[in-house]
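Enquirer: One line per chain: the protein sequences are A and B, in this order. In terms of my numbering, the first sequence opens at residue -19 and continues consecutively. In terms of my numbering, the second sequence opens at residue 32 and continues consecutively.
Straight line, CA to CA, 20 Å or less: simulated PhoX-like cross-link-like pairs of lysine-lysine: (1) B:Lys96 with B:Lys44; (2) B:Lys96 with A:Lys183; (3) A:Lys183 with B:Lys100; (4) B:Lys269 with B:Lys258; (5) B:Lys100 with B:Lys44; (6) B:Lys221 with B:Lys269.
Because the hints were derived from the structure by calculation, they are not lab data.
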Amino acid sequence: MADTRVTLCGIGLDNPVIPASGTFGFGYEFAEWYDIECLGSIALKGTTPEPRFGNEPPRIAETPAGMINAVGLQNPGVRRVIEQELPKLARCYHKPVIANISGFSIEDYEKTAAAFDGAAQVGWLEVNISCPNVHGGGMSFGTSPEQAAAVTRAVRAATKKPVIVKLSPNVTDIVAIARACEAAGADGLALINTLLGMRIDLKTRRPVVRNNMGGLSGPAVLPVALRMVYQVSHAVGIPVVGMGGVTTAEDVIEMMLAGATAVEVGAANLINPCACRDIINDLPRVMETYRIDALGDIIKGVKPWEKT
Amino acid sequence: MKQGVFEIVENKKEAGTVWKMRLVGDTSAITAPGQFVNIRIDGQFLRRPLSVCDVEGGELTLLYKVVGKGTAAMAAMRTGEKLDLLTGLGNGYDTAPAGENPLLIGGGVGVPPLYLLCRRLIAAGKQVTVILGFNTRDEVFYEQAFSALGARVLVTTVDGSYGQKGFVTDALAGLAYSYFYTCGPEPMLKAVYRAATTGGQFSFEERMGCGFGACMGCSCRTVTGYKRICREGPVLKKEEILWQTRA
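Start from the sequences, fold in the hints, and give me the full structure.
Expert: Okay, structure coming up:
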């Protein structure tokens, strides 16, 4: 019997598969497609203190093996998320969920973290310091070790729940930022957010998305994500949630071998609304193929070649 | 909303670069004219959203214009091939406020969703007038199909090579109608908005990620708040549109 259980920052998951923030709404929307109770957890849509519309459309562009989005953190604000969205989710999902918080100042992060601290459904906070689609905030915290540490410290002080900091791949040294977050009290790290990208319409010579640039996701980014999860998980002592282009049960195993304790699935949900369920159903078969009895055993199981 | 596998029973050129595809599968999630399906195409990452032209029993008709790699791949598909579709997406047109003599205004690839709407309105005993606008004679399609339903059909072409020369709004001037429904390029929708004298409904197009409300990729501002074109749209009522916020 395949054992798919893992433990993330002290909380047990039935399996490591978690739909990624921004690709799964507040979860209940997907209950129309399948019984979402099978999910290991759910990372909720990124939430800010106040409601946000986000960027003007178009917000989406297609790329080879992926897509660019420039949504810009559209969300109803933390109060409505707690009062309206979480109760809707509670009717179809009964496990702890991951609240994803974002902001434009340290105070924004503190406020949102403190508000979610009282929400019993929320098991973890995922701190988004890496959104590439908002000016003057988001990613700027994620591109400097000092700023990343400052946000981490502030959120750590504002909540009793485990704090997982979501890192940007748009940096020269992700390991330095990961270490800064760990030193500032992060309980875990999540990576990668989207890679900053661009597409241009040949006819109009306009960028396809109104924000000019946006975040690249989908299978195109999987190798970059694997590399960064490998580097970071081998440099820190806290668990890493791996994500970036994961589409199949094989991808989940590969991400865990690289060093992920749990695995988020993003863009795949938009193409196949049942992607996470299909991956979970497929895990036992793939585990048997590769003679894996317990998924918890393979975290960081990659055997790197020795340097010659 | 449903995910299902559909089999192609016909795929042929209708006019110019517009193709007609008929498919068979579980159409039970399609409840209103103006809804759309989202099609998985091998080699393309994102699905392709296409409005439903007609649905009858388990048969679905799509009309699509070949504009890029996705639709080019569709045009190359053969009878018997299978496609993965998400069906029953979007709100669709509300036929309740139609009145006795509704007007349907379609431009180019905006024409297809009006066909099922027209069929439903005529079945409900309405006197339907349809204005179909195209650039030129070679692009005209479905004039006969609408006539066969029992609608009065007016065709306009921008270059005057067929029907009345000019835009759909030139044919609209002077017509009496109880309500209108429209779908087409956004400049045409804007012109219809200014020219129409009654209430009406507009179907919008937007680049989409998922097509079923998850990604917030197609949000727009309206008088009644933020709406997702794929979920609370693609059909918006005249009084809720905020043109100044659109690109």
